[in-house]
Structure formats: structure tokens, C-alpha cells
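**Q** What follows is the residue order along each chain.
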Amino acid sequence: EAQVTQNPRYLITVTGKKLTVTCSQNMNHEYMSWYRQDPGLGLRQIYYSMNVEVTDKGDVPEGYKVSRKEKRNFPLILESPSPNQTSLYFCASSLQGADTQYFGPGTRLTVL
Amino acid sequence: AQRVTQPEKLLSVFKGAPVELKCNYSYSGSPELFWYVQYSRQRLQLLLRHISRESIKGFTADLNKGETSFHLKKPFAQEEDSAMYYCALSRTSGSRLTFGEGTQLTVNP
Chain H
1 EAQVTQNPRY LITVTGKKLT VTCSQNMNHE YMSWYRQDPG LGLRQIYYSM NVEVTDKGDV
61 PEGYKVSRKE KRNFPLILES PSPNQTSLYF CASSLQGADT QYFGPGTRLT VL
Chain X
113 AQRVTQPEKL LSVFKGAPVE LKCNYSYSGS PELFWYVQYS RQRLQLLLRH ISRESIKGFT
173 ADLNKGETSF HLKKPFAQEE DSAMYYCALS RTSGSRLTFG EGTQLTVNP
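Residue numbers (this note's numbering), protein chains in the order written: chain H, 1 to 112; chain X, 113 to 221.
None of these hints come from the bench; they were simulated from the model. All C-beta atoms, glycine included, are put in the ideal place defined by N, C-alpha and C. Just to be clear, a hint being listed does not mean it is correct.
What the hints assert, rightly or not - Far from chain X by the CB rule (all over 10 Å, computed), these chain H residues:
#, residue
1, A2
2, N7
3, L11
4, L19
5, Y64
6, R68
7, R72
8, N84
9, V111
What the hints assert, rightly or not - Pairwise CB distance ranges (calculated):
#, chain 1, residue 1, chain 2, residue 2, range
10, H, P8, X, T180, 19 to 25 Å
11, H, D38, X, T218, 19 to 25 Å
12, H, L88, X, G170, 27 to 33 Å
13, H, E62, X, S140, 22 to 28 Å
14, X, P119, H, K71, 37 to 43 Å
15, H, V52, X, S164, 40 to 46 Å
Claimed, not checked - To list a few chain X residues with every Cβ distance to chain H over 10 Å, as calculated:
#, residue
16, G128
17, E132
18, H183
19, K185
20, G214
Same shape as in the complex, but just chain H (with noise of 0.2 Å):
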């Protein structure tokens, strides 16, 4: 079947311990990115990816990493994590650009 998944599906951690939320695609995808959506805020984006080691910033980068070593994986990485990183986050893919997104589940981080 084809589709996205992310790993955990809900996490809850400490301030400062550092965590990756893993994101995988089946469907040959070019494009891969991050959403956290809060409420009254929508989904912002964090990081994008165009293809395999070329990654770039969205609209809300700070304290997050990521990286694309392989074409089906995009982890989103948080080195020491904060409280206002409490949030749903959405890993996407598409075919190229930010054409039609296919999404993950969500993973839902509360951040103590």
C-alpha cells in the first residue's frame, strides 16, 4: 500500500533530551517535508527536501535538523528539545515540487 508513515506516533520527553521522529515513504517520491500544526496556527512548515542531500528551511527551522541520505526517509531531528516544541508534526510527501502532498498520521510530542 502506498503511503507515509512516522515513528513514534505519540512521544513524551524532557526538556534537553534529544529525540528523532523517523518518516518513511513507499511511493518513489522526490519532494519530503515537516509540518507542525498548533491550534490557531495551521501547518507551518519546517523543513523541505527536493531530492536525495538537498534540504532547505520552511517557515519555522529553528531547533529542528534534518537530513535526506536516502530518497524514502526524512527524519526530523530535535538536539535539545523545548516545551513550546509541544505540537503535532506531519511528515509529507509528493512526486516533485510541493505538488500534492501525501500525509503521514501525525506524531504528537509533548515536550516537559
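Following the hints, complete the assembly by docking chain X onto the known chain H.
**A** Just chain X now, with coordinates in the frame of chain H:
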């Protein structure tokens, strides 16, 4: 800079009534515009995009470049239309994607 505004956070209508979800954008170039929908406990999914000019689930949206708007319309709302709706914009060259704040639509019986 590109920006998308959805002025209504909440919208409530009765079943069978017309519904319009507003979307305004600012972008100096030629944009690509999308509507995404998130039903309860489901993933975000594409509803429609302006270049396809098709009607999905009875919804249509027309790009008005003069008013920089891309409002979503349906003549007769159904209860199953209750969901969160997001308007989104990307450049035609396709890199960054900007979403609006979202409108929670509730269709009452």
C-alpha cells in the same frame, strides 16, 4: 513572501445550506493553490487543486487573481463534510508550501 489567510476559524451551517470557506493569499508570482481536508481521526488529504478545475465531493473553488482569493464552495452541505479545511499555496516552481490557519466546518443536522 507568500501568505495564506483563512479569516474564519469556525464555521457552522445546517445540512442542505450552502457553504463557503474563504481563502485569501498574497504572492507576487503565479501561485498554485490547494484545498486540503482533515476529517476526524484521519490524515490530511487533498480535496482539490485549482489547476485541475474539477469538483470533488460537490466542492468547487475558483482562483480569482484580481481579488487574490481561492474560496471553497458547496451548494448543499452534508453532515459528512464536517472537518478541518486548509487552504495552501505553492509557487509554480514548487518548493515551499504555505498553509492557512484552517477553518473548522461543522454541518448540523
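**Q** Look at each hint and say if it fits the structure.
**A** Structure-based check of all given hints:
1. A2: Holds: least Cβ distance 13 Å, greater than 10 Å.
2. N7: 15 Å, holds
3. L11: Correct as stated: the minimum Cβ-Cβ distance to chain X is 18 Å, above 10 Å.
4. L19: At about 22 Å from chain X, L19 (chain H) clears the 10 Å cut-off, so the statement holds.
5. Y64: 15 Å, holds
6. R68: Non-interface label on R68 (chain H) holds, nearest chain X Cβ at 14 Å vs cutoff 10 Å.
7. R72: The claim stands: R72 (chain H) keeps its Cβ more than 10 Å from every Cβ of chain X (closest is about 18 Å).
8. N84: 18 Å, holds
9. V111: About 23 Å separates V111 (chain H) from the closest Cβ of chain X, which puts it past 10 Å; holds.
10. H:P8 to X:T180: 19 to 25 Å: 40 Å, violated
11. H:D38 to X:T218: 19 to 25 Å: Hint holds: Cβ distance 21 Å, inside 19 to 25 Å.
12. H:L88 to X:G170: 27 to 33 Å: The hint (27 to 33 Å, Cβ to Cβ) holds, given that L88 (chain H) and G170 (chain X) are roughly 29 Å apart.
13. H:E62 to X:S140: 22 to 28 Å: 26 Å, holds
14. X:P119 to H:K71: 37 to 43 Å: Since P119 (chain X) and K71 (chain H) have Cβ atoms about 39 Å apart, the given range 37 to 43 Å holds.
15. H:V52 to X:S164: 40 to 46 Å: 29 Å Cβ-Cβ, so the 40 to 46 Å window is violated.
16. G128: For G128 (chain X), whose nearest Cβ neighbour in chain H is about 29 Å away, the distance exceeds 10 Å, so it holds.
17. E132: 19 Å, holds
18. H183: 17 Å, holds
19. K185: 20 Å, holds
20. G214: Check fails; 5 Å does not lie beyond 10 Å.
Of the hints listed earlier, those the structure fails to meet are numbers 10, 15, 20, in rising order.
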